[in-house]
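J.: Read off the chains here:
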Amino acid sequence: MKKIYLDYAATSPVDPSVVKAMLPYLTDKFGNTMSLHSFGQEAKIALEKSREVVANLIGAKPNEIIFTGSATESNNMVLKGLPVGRQGIKGNPAHLAGRHIIISSIEHPCIIETAEWLEKKGVKVTRIPVDKKGLINPLDIEKAITKDTTLVSIIHGSNEIGTIQPIEEIGKICKKHNVYFHTDAVQTFGKVPIDIANIDLLTASSHKICGPKGVACLFIKEGVGIEPLLHGGGQENGLRSSTVNVAGVVGFAKACQLCAEEREKEGLRLTKLRDKIIKNVLKIDKAYLTGHNKKRLPNNASFIFSFIEGESLAIQLDLNGIAVSTGSACSSMKLEPNHVLLATGLKPAEAHGSLRVSLGRWTTEEDIDQLIKILPGIVNKLREISPYGK
Amino acid sequence: MESNTYSSGVIRHFQHPHNYGKINNADGIGIVGNVVCGDEMRLYIKVEDDIIKDVKFETFGCVAAISTSSVVTDLAKGKRIKDALKITNSKILKELGGLPLIKIHCSLLAVDALYEAIYDYLSKNKKKIPEKVQKKHNQLKRA
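Just so you know, the sequences run in chain order A and B. If you're matching positions, the first sequence starts at -6 in our numbering and goes up one per residue. If you're matching positions, the second sequence starts at 23 in our numbering and goes up one per residue.
Because the hints were derived from the structure by calculation, they are not lab data. Incorrect hints may have been included.
Unchecked claim - Here are the computed lysine-lysine pairs in the DSS-like style, where the Cα-Cα straight-line distance is at most 25 Å: (1) Lys78/B <-> Lys383/A; (2) Lys99/B <-> Lys150/B; (3) Lys383/A <-> Lys44/B; (4) Lys374/A <-> Lys99/B; (5) Lys44/B <-> Lys374/A; (6) Lys163/B <-> Lys108/B; (7) Lys163/B <-> Lys340/A; (8) Lys383/A <-> Lys148/B; (9) Lys279/A <-> Lys68/B; (10) Lys374/A <-> Lys78/B.
Unchecked claim - Stretch by stretch, here's where chain A covers chain B in the computed footprint (C-beta under 8 Å, at least three residues): (11) 28 to 37; (12) 57 to 63; (13) 81 to 91.
Heads up, the beta-carbon is just placed ideally off N, CA and C, and yes, glycines get one too.
The task is simple: from the sequences and hints, build the whole structure.
T.: Next comes the structure, spelled out in structure tokens:
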């Protein structure tokens, strides 16, 4: 049975040309960027060249990009490393109590959990709600900003429901009120054009764009005073001590270059496939789209199906060769329905029946047709077993 | 680290569940769990001469919930009531070849559904209800 991977929002296979670019930096060019000798210099040059490529993808300056080990790390650094806002706060700047940050109710767990941790340390956290389609009203953010607010952090494209937030507008509001604005752009970076004019900090990750795992970056606009999470040898301008993962960084840069070359064409191709999935899946009785129908990631199609449970659905699809994802409680370690689905106003019983399909570079129309062909039968079978919906 | 994969026994029952559906004129019905938590099990029994002649289930839930439902109906079918009450959580797990730790509660749900169906049958027919059946019923009612 041919296996079909439709879970690119979770991770993606590394592009063969990325592997090729990385290989020399695992073997011959293995140097430490901090070494003085030619091995070290070679690695350092590769690092700085890679920084330029990654910066170019969003129109940033190379010195505004630092490499980290994961998007989780980048996001943690933003929330924990900005003890003072743009204008500073009176008193001890390292003191967390009294600070105020604003996030949304549909952030990735690495923002949600970090914010909860900060809350225990005395930071005030406001969580901005979303509407039924997962959209934030930027005016809600403006209303929530106080004189103590240091940071607004809003996810750009939702990993769960695909909704894309109006970050340009939110950025303008933050600028007007002199508050730092960070966006978690893991799902949009390399896929959707991003204007950084009003963005102070931005998180992006390599493995979502056919680069290797274990490498990510943080865009930090010139002049933003952020503190490191990791102290040590002073790599990455003192902001991220750790021996640089040169092969990973080179791979990340190569992945960015591929995105830059194909973004427009690939975006259109995936949007067409996405819309084909949506159109056909919604023909199934009591199937609903989650997220926004237009302001949406080109590669995300997410649904809920009444009367059945998402883990059963995802495993049944897997047994039929198709890999997808679900936000159902049974699939999570916490046994709670996905917070993003609940934030859009779905009841727990509804959120259990969620399914996320996400596309990428190697997704073909045949793959989509196969999904469309087998999904209705699987949904019906599970509904036959279910006490509801008959 | 705990494995989160299902055994081949679980997958077998999940893909081809036994005895699913509804018995329209059931002698006893057990309903446990709830949709808010993510799984609900309904177990129907048909009883003749104190023997469970037929048993069917309807389940809204995950792979573990569906496969444990299937196994509990297999185990109960054709048994005398008093023998059906000897079906335990661990018997179901053994039959399935185990469950991921986080899913063990689904096997409890299957036993609960069977007990509740038997309770329903016994009380409708004004028969004597064994203490452990009454106790479980009271527990579930409280929850």
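J.: Indicate, hint by hint, whether the structure satisfies it.
T.: Tested hints:
| no. | hint | result |
| --- | --- | --- |
| 1 | Lys78/B <-> Lys383/A | 16 Å, holds |
| 2 | Lys99/B <-> Lys150/B | 21 Å, holds |
| 3 | Lys383/A <-> Lys44/B | 11 Å, holds |
| 4 | Lys374/A <-> Lys99/B | 23 Å, holds |
| 5 | Lys44/B <-> Lys374/A | 14 Å, holds |
| 6 | Lys163/B <-> Lys108/B | 21 Å, holds |
| 7 | Lys163/B <-> Lys340/A | 24 Å, holds |
| 8 | Lys383/A <-> Lys148/B | 32 Å, violated |
| 9 | Lys279/A <-> Lys68/B | 32 Å, violated |
| 10 | Lys374/A <-> Lys78/B | 16 Å, holds |
| 11 | 28 to 37 | holds (count 4) |
| 12 | 57 to 63 | holds (count 6) |
| 13 | 81 to 91 | holds (count 8) |
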